[in-house]
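Put together the whole structure using the sequences plus the hints.
Residue numbers (the numbering used here), protein chains in the order written: chain A, 670 to 948; chain B, 670 to 948; chain C, 28 to 585; chain D, 28 to 585.
Keep in mind the hints are simulated off the structure, nothing from the lab.
Mixed in with the good hints there might be a few duds.
[Unchecked claim] Heads up, incomplete: computed chain A residues facing chain C, CB under 10 Å, no partners named:
1. V718
2. V759
3. G810
Don't be surprised by glycine CBs; every beta carbon is placed ideally from N, CA and C.
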Amino acid sequence: MADTVVTAKDYMNGNPITWCPGCGDFSVLKCMHRALASLNIQPEDTVLVSGIGCSGKIGHYHGGYAIHGTHGRSLPIAQGVKASRPDLTVIAAGGDGDGYGIGVGHLVHAARRNLNITYVVMDNGVYGNTKGQTSPTSPLGYQSSTTPFGNADLPINPLLLAWASGASFVAQGFSGDAKHLENLIAQGVQHEGFSLINIFSPCVVFNKAQGYDFYRQKINYIETPASNAQDYVGVITPPSMPVGVLWKSYQKDSLPAKEPRQSKAEGTDIASYLRSKLA
Amino acid sequence: MADTVVTAKDYMNGNPITWCPGCGDFSVLKCMHRALASLNIQPEDTVLVSGIGCSGKIGHYHGGYAIHGTHGRSLPIAQGVKASRPDLTVIAAGGDGDGYGIGVGHLVHAARRNLNITYVVMDNGVYGNTKGQTSPTSPLGYQSSTTPFGNADLPINPLLLAWASGASFVAQGFSGDAKHLENLIAQGVQHEGFSLINIFSPCVVFNKAQGYDFYRQKINYIETPASNAQDYVGVITPPSMPVGVLWKSYQKDSLPAKEPRQSKAEGTDIASYLRSKLA
Amino acid sequence: MKTAALFGLTGQGIETAGEILSNIMRSQGYTHRAWRDFSTIIRGGHTAFEIYISEKGEEAPPPRIETIDIAVVWDDEGAKRYLPRMADSAMLFGSMNTTMVPEENRGETPKLGFNVWSLGVIAGYLGIPFPLLEDSINQHFAGELNQNLAHRGYILGQFKNKGNTVTNKLSDLVTISGNDALSLGAIAGDVRHYFGYPITPASEILENLTKWLPPLGGKTVQVEDEMAAIYAAAGASYAGERTFVASSGPGIALMTEALSYLGATEIPLVIIDNQRGGPSTGMPTKTEQSDLQHLRYAGHGEFARIILTPTDVLDCIAVIQEALNLADYYQCPVILALDLDLAVRRVSLPWVAVEQAIRSVTVDRGPTLLESLPIEDYARFHSVDGAPPVRTVPGIKGGGYVASGDEHDEKGFMEPDFKVVRETHHLRRLHKADQIEYQRPLSIIGNMDAPVAIIGTGSMSELIENLVKRQPEQYKGVLLRQLHPVPVESIVNALSEAKTVIVAEYNATGQIRSMIESALVDRQIHSLLRYNGEHYTLEEFQDSVTSILSAQKELTRG
Amino acid sequence: MKTAALFGLTGQGIETAGEILSNIMRSQGYTHRAWRDFSTIIRGGHTAFEIYISEKGEEAPPPRIETIDIAVVWDDEGAKRYLPRMADSAMLFGSMNTTMVPEENRGETPKLGFNVWSLGVIAGYLGIPFPLLEDSINQHFAGELNQNLAHRGYILGQFKNKGNTVTNKLSDLVTISGNDALSLGAIAGDVRHYFGYPITPASEILENLTKWLPPLGGKTVQVEDEMAAIYAAAGASYAGERTFVASSGPGIALMTEALSYLGATEIPLVIIDNQRGGPSTGMPTKTEQSDLQHLRYAGHGEFARIILTPTDVLDCIAVIQEALNLADYYQCPVILALDLDLAVRRVSLPWVAVEQAIRSVTVDRGPTLLESLPIEDYARFHSVDGAPPVRTVPGIKGGGYVASGDEHDEKGFMEPDFKVVRETHHLRRLHKADQIEYQRPLSIIGNMDAPVAIIGTGSMSELIENLVKRQPEQYKGVLLRQLHPVPVESIVNALSEAKTVIVAEYNATGQIRSMIESALVDRQIHSLLRYNGEHYTLEEFQDSVTSILSAQKELTRG
Ligand SMILES: Cc1ncc(C[n+]2csc(CCOP(=O)(O)OP(=O)(O)O)c2C)c(N)n1
Ligand SMILES: Cc1ncc(C[n+]2csc(CCOP(=O)(O)OP(=O)(O)O)c2C)c(N)n1
Ligand code: SF4
Ligand code: SF4
Ligand SMILES: [Mg+2]
Ligand SMILES: [Mg+2]
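Structure below.
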C-alpha cells in the first residue's frame, strides 16, 4: 500500500505526550517514526504493541495502529498480530521491567520462535511508572525504595539473554544519539526475523545516576556484528557497553511460509474440505 | 538435626510409583535420594518442590517434605521456602516443558537471584504427561501432534540460558549414568547458590528418538568446569552434549545474610519497635 | 442398543482398541457413543472404554447407560467394576489374571496383546465379519501374533453371539468428539489462526487445527503458556483475524488478567473452557462443571461478557460459530463452557447432520470494517444510539487507533476526564451485553406440560434428553445454552407450568442454580449434584432424580 | 474542622509539601486526614492535596468534606476545581498564572518553588509559628530561595489569619496510611518475610517492610511478577512462616491460578487487594470497589475462602492480624479487600490508638504444629469431627507430606479413589469455612432504631459514620468487615427495624448488594453507586443519599 511518501510527522496522532521533560523515551518515539518513514511504510500498515510503564505509553503517541497491552505481554500480542497478518509491520515496545522482568519468559520464546517483529526496549534501569523501584537491569548496589540497602540481584544482560535464547538480531542504542538509533531501528525492522533493540533511555526523575552523561561516557560504538559466539560474548561482557548492531544471523522467519489467506467466500467449500479430514 | 545416619531408603515414602517402566525419571529420583543421603541430610530437613508433568510427580515419591506445585511455578515456591527457612535443603524439580517453557521466566530470575536452591530438570524433549507434544527442548524438525510438519522453533539450550541469566552453577547429567548423576546432584546441593542440573531423562513412550542409546552415543564427559565465558560457550555449543559440572562461580547467596529469626515471643516488644519506625 | 466395555491398563492400547472398534461400527453404519475412563498414569493406571451402539438406525447417538452387554477385563479390578453392570454375568470375559471371570471366558493373552484379543472377543460377539476385524487390526498392529490373538478372541466371543449380525444401518457416518466439533465449527466460522498450549482435555483442538489449517492458508502456533495464547489471540483479533483460545481450569485461570483486558479494550474473543475436576490440577482426566461462577466473574473490574454452554457434540459446531459472531458484534469475551465428558466424548453420526451444523450459521463480522475505505475523524469507541461501535482493522487508512486497557475516551485517548467517560463510555461498554440477541438460548425437550423440569447443560444434556424420552409424562428437559446473561424470560417460558425444577450439574455447590436463580422464583427447586468426576449412566441419573423427588414427597407428606 | 487544599502539577512537589504540612500538624497535636488526587503522569499532570484538620482534639481523624477553608492553586484549572468548594472565595490563593484568583492573593513564584510558597500561605493562615515551618522546610529543601518563598507566602496567608492559633491538642500523634497500617499489623501478626512486586496502590507495603523487617531478622524479596509473589508466599507458608501478598487488580488477577492451588492444598495465605479503577489497567490512581465478585469466585473449581474488608486505617491493623489467624485456622485463602482511597489515605492519630490496635489481636497459629514432636502415621488432611487438620512444618520428623494440587486423600496421596475422597476430603475442604468464627463481622454505627440503614465498607465507611453523626435520628450505619462467608445473621440483626437499606459502594453494578442479598430480604433496598474513581466528600455523599430517599418518597407518593 506504499503509495504516498510518508514523513515522521504522518506517524504522530496528536495526542499530548505526558512523559517528563528530558525523558529518554521522546527520542525513541521520534527515531522509531523516522525509521519507519525512511522505509516508506504507511502508518496504517504498522502495529505498535506496547507494554505497561512510562515506556508503554509510546503506543498512545503512534499515529498508525497501536495496542497498549498489559504489563509484560507486548510480545505475545505482537506475535499474534504478525502470525495472523504477516503483511503488517509489527513493533513491540516497552520498558526493562516490562520486558526483562515480568515479561522475560515471553522474550525467550519470541527470540527462539523468530517471527519477523522488532522489539524495542526502553531500558532505564528502573521502574519509572511506579515511582522508582529497582528493575531487572538496575546495577548491583543500586539503591531504591525496594533495595534501600543496595540491589543484590545480578542485573539481566539483555544482549546476552536474548542472544542465548536464539535471537537472530541483537542491537543496542542510546536515546542520546538519535541518528544512530534511527538507523538501528530501521535495520531491525528490515531484518527478517526477531530483532531486539535495547535502548539506554534515561529516566531523568528516578534514575539520575544513569543519565545522558553517564552513557555518553561509557558507551562504545561497534560497527560490525560479531561473527561468532565467542566474539559476541567478548563484545558484550561488562564493563563494555556496546552500541550498534551486535549480532545478526540470516535465518528466515522460522515458521513455515504463510500461504495466502483463504476463506469460505473465496472458493473452497469448507464443508467438503472438512469432510475430507474426518474418518 | 543430623543426628542419625540416613540412607536413600529413608527418603522413600512408600507411595506407589506410576512412571512408565523404563522412564528416565526413576533414576533421577534414586540419584537425588542417594545424593541427599550421602550428604547425611535428614529427610525432614528437605523440601522437594516439583512442577506439573510426569517429572513433577517426583514430589509424591519423596519421603521428606514435598510441594507438588502448579505448572511452571516450582522455582517461585522453592525460593519462598528457602528465603524464609534457610535452614532447609530445598530442591526444585520438574520437566523441560515446565521449567523451560511456561516457567522459563522464573528460571531467569532464580538464576540471577542466586538463592541457595538446586534445580533438577528432567529433560526428555517432549511433553510427556500430556501425551507427546513438542517441548521447548525438542530438536528442530521434531515431529509430534503439534508439529506434524516438523518443529521450526530453535530449541532452548538450558545450559546457555541459565548461564546467561547468571546461574552460579550449571551441570548436565544423564539418567542412564546413575553414579555420575548422583555425584552431580550432591555437588549441586552443596553449592551455595542457585544450581541448575539439566538431566537427559528419556521418555520411552513419546520420544523414542532420544532414548538411552541416543544419549550414550552423543554425550561427552567434562571433568572441570570452564574457567571463563568464552570457554564455556565453546564447551556447550551443539553438537557437543557435555555432561558434568560445566560452570561454577563461587559467589555466595546473593541476598544479604539472614539474621536469626525473631518474633514477639522472643523479647523485642513489637509495638515499641514499630513506634520507632513511625514519624 | 448394544453395549460393550473394555478394561485394562494404560499402555495396553485399550484406547486404540476402542478406536478400532468404533471405526468398524462407524463403517458399518451404526451411530454410537464412546465413553472413556482416563487415567493420569501413562503406563499402568486403570483405563476403560465403553461403547454404546444404536441398533435402530437412529441418527442421534445413544447416551451412556448402565447395562453392559459384554465386557472384557484385564484383571479383577475390572471384573469388580463391571459385574454389577452386566445384563448377564456370563458375558464377562477376561485374561488369565482374573479370578472372578467365568473360567470358560478366560483367555491366554500377553499383557501387550490383551487389547487385540479383547477386540476379537467383542467383534465375535457382535457378529462383525472376521475379515473386517482383520483388516482394521492390520492397519494398526502388523504381525501374525496379533492376528492369532484376535482370532482366538473372536472364536470365544462368537460362541456367545446370539444371532447378532451386522447390516448397514446408515450411510456416511463420521466419528467426532466435542473437541473435533469445536475445531470444525471454528474453521467454518472463518478461524484460520490459532494459538494453543497443551492441556487435558483441550489439546485435541490444537492438534486438529495444526493439521487442518495449513491447506486453508492458516496456521497454529504452539505458544509457551496460556497467557501467551490469549494475548496472541487478542493480537490476531485486533488485527482483524478471527480466532479463539481453548484450555481447561488451570490454563483458563491464567487468562484472568487478559479477560479484563479484553473487556476494557473491546477486542472480540471466544474463550473455551473444557472444565475438568478441580480445584487446581485436581482430577485432570475427570469431568466437572465447576468453573462456571469463575467464568462469570473472573477478571478485575467490571465489564461485559457472554457465556454459552453447548449441549452436545453436534451443538458444539453451531455454538462456536454463533460465539464468533456474537464476539464480533458485542466486542467482548464470549466464553464457551464445556465439561470434559462433552469435550472428549466421541460419537458416530451421519455426516449430513454434521454438515448441516457446519452450514447452519453464517459468518457475520458485525460492525467490523474490513474494507479499506478512508475514514474521517474515526472514533473507535463511539457508539450511535447504543449500537456497537465500528471497529477498524490495521491496513485501513484513517482507521488507526490505540486499544488500551487504561481507561480512555471514545477516541481511545488515555487521559480523559474520568467523570465524563465513566458515565458514558464505561457504562456503554459495561452494559452492552446485558441483553443479547441470541436465537437459541435453550432447548426444550419433551412435553411443555410435564410437571417436573430438569435443567442442565453440557454432558448432562444427554441424560436429561433420554430420561425425558423414557418418562415423557413426568419430565421435561431444559437444556441451557445461554448461561450469561441469564435468559430469564426464555427459562420462565420453558418452565411454564412445571412447579418442580431439578437443576442437574456436575459440581458440589449448585453453580448453575445460583446463576439462574432469578428465573426460578416460586418453584420447588432441587439440586442434583455430582462431583466425583464420573459421568452418570442414564440409570444412575434416573435413580438420583427419583430419589430427589421421593424425598420431596416424603417432605410434603411429613 | 479546618480544611486546606493545594493544587498544582506532578513534579512540583505538591506531595512533599502536603507531607510537610501534615507533619507540622501532627507534631502540633492535630488529628487529621489527608486526601490526594493522583495523576498517572509523573511530571506535568494535575495533582491535588487536601487536608482535613480536627480542631476539637478528637481522636478519630475527620472525613473528607466539601468545604475548603483555604486553597492554593497553580493555575486556573485548580481555581475552577476549588472555587465551588470554598467557604469564602477570598480564601483562594494562587500563582501569577491564575486569572480567577483574587489579585491580592496571587504571588510571584517559580514553577519549582510553588509548593514552598503555598506551604507558607497555608501555614500563615493556620497560625503556625514561622520558625516551625522554617525548620520543616529546611529539612526537605535547603537554600535561601525556599526560605524567602515560604516567608512571602506566610505573610500573605497570615494576613487572612482570623485568629487561628495553634495549641497542643493531643500528644504523641503518628501519621499512617492504610498501607502503613497493614504493614504494622502484619509485623504484629508475626510476618517476617514478604514477597512483593510494585503496583499502585500496594507498593508502599513492600517498601515499608523492606525497611522494617531486617532488624527483626526478616526480609523482603522483590520478585519478578505477581505469580512469583504468591507462589513464593505459598512456599514460605508451607514452610511454616507467616506471610501474605498484596497487590491490586491486574496483579491479583494474575494470582488466580494460585488461589485455586491454595484452596486445593490448604496452605494458609492472606491476600490483599487494594482495588483501583478497572477494568484492566483502568484508572490506576483512582479508587474503586469493583473486584469483589472476582475475589469471591476467581479460581477454577470449588474451594473455601474468606473475604474481609477493613473499614478504616486503624481497622487495617487489627484485620490483617485476624486474617492471619483465620488463615492458619481454616487453612484457606483469606482475602482482604481494600480500595485505593483507604490504602493510601494518610491520617494522623494518637499512637495509643495505634498501639491498642497492634496489641488487640494475639498471634494464634491454630492447628499448626511448630514443635518437633515425633509423629506416628501422620495424615496431613485428616480431620477429627470436622475440625481443621493438624499441619506440620518442615523440620518435624515424621511430619513429612506432599502438598499437591492434584486431588488426594487424607495422607496427600494423589491417586486415591475419587468416589471416596470427593465425598469426604473434598467436601470437608470445600465447606470448612461456610461458617466462620469471627468476632467482628461488622460494626454498627449510631442508633439501632434509626429507620434507614446505610451499608458499606472500606473508604465508604468514613462517610457513613459521619453522615450518621450528622443525622442520627434518620440513619444508622452498618460497616461490613466480613464479606464472605456472608454474616447473614449479624447483618439481619444489625438492620433490625430499618425497613430502608442503602448499600453504598464504589462500583457500577452493586456487587456488595448482590453478595449480601440473602441478608436483605423484605427490605426496601437502594444502591448508591459511584465509579468515576473519586472518593466522595461528605456533602456529596449526603446529597446522594438524600436524593435516593426522595426518589423513593416520590415513588411511594406517586
Ligand atoms: C500485572 C501488573 N503488575 C504491576 C503493575 C504496575 N506497574 C506498572 S508499570 C510497572 C513497571 C514499569 O517499569 P518499566 O517496564 O521499566 O517501565 P518504565 O516505567 O521504567 O518505562 C509496574 C510494575 C501493572 N500495571 N500490572
Ligand atoms: C497451566 C497449565 N497448563 C497446562 C497444563 C497441562 N500440562 C500438564 S503437564 C504439561 C507438560 C509437561 O511437560 P514437561 O514439563 O516436559 O514434563 P514431562 O511430562 O515431560 O515430564 C502440561 C502442558 C497444566 N497442568 N497447567
Ligand atoms: S518517570 Fe522517568 S521514565 Fe517515566 S516519564 Fe519521567 S523520566 Fe521518563
Ligand atoms: S510418558 Fe514418558 S516421561 Fe511420562 S512416565 Fe512415561 S516414559 Fe516417563
Ligand atoms: Mg524502566
Ligand atoms: Mg518433558
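Cross-check of the supplied hints:
1. Taking 10 Å as the C-beta cut-off, the interface hint given for A:V718 holds, the closest approach to chain C being about 7 Å.
2. Hint status for A:V759: holds, given a least beta-carbon distance of 9 Å to chain C, under 10 Å.
3. Given the 10 Å rule on beta carbons, the hint for A:G810 is violated: about 33 Å separates it from the nearest Cβ of chain C.
When held up to the earlier numbered hints, the structure conflicts with hint 3 and nothing else.
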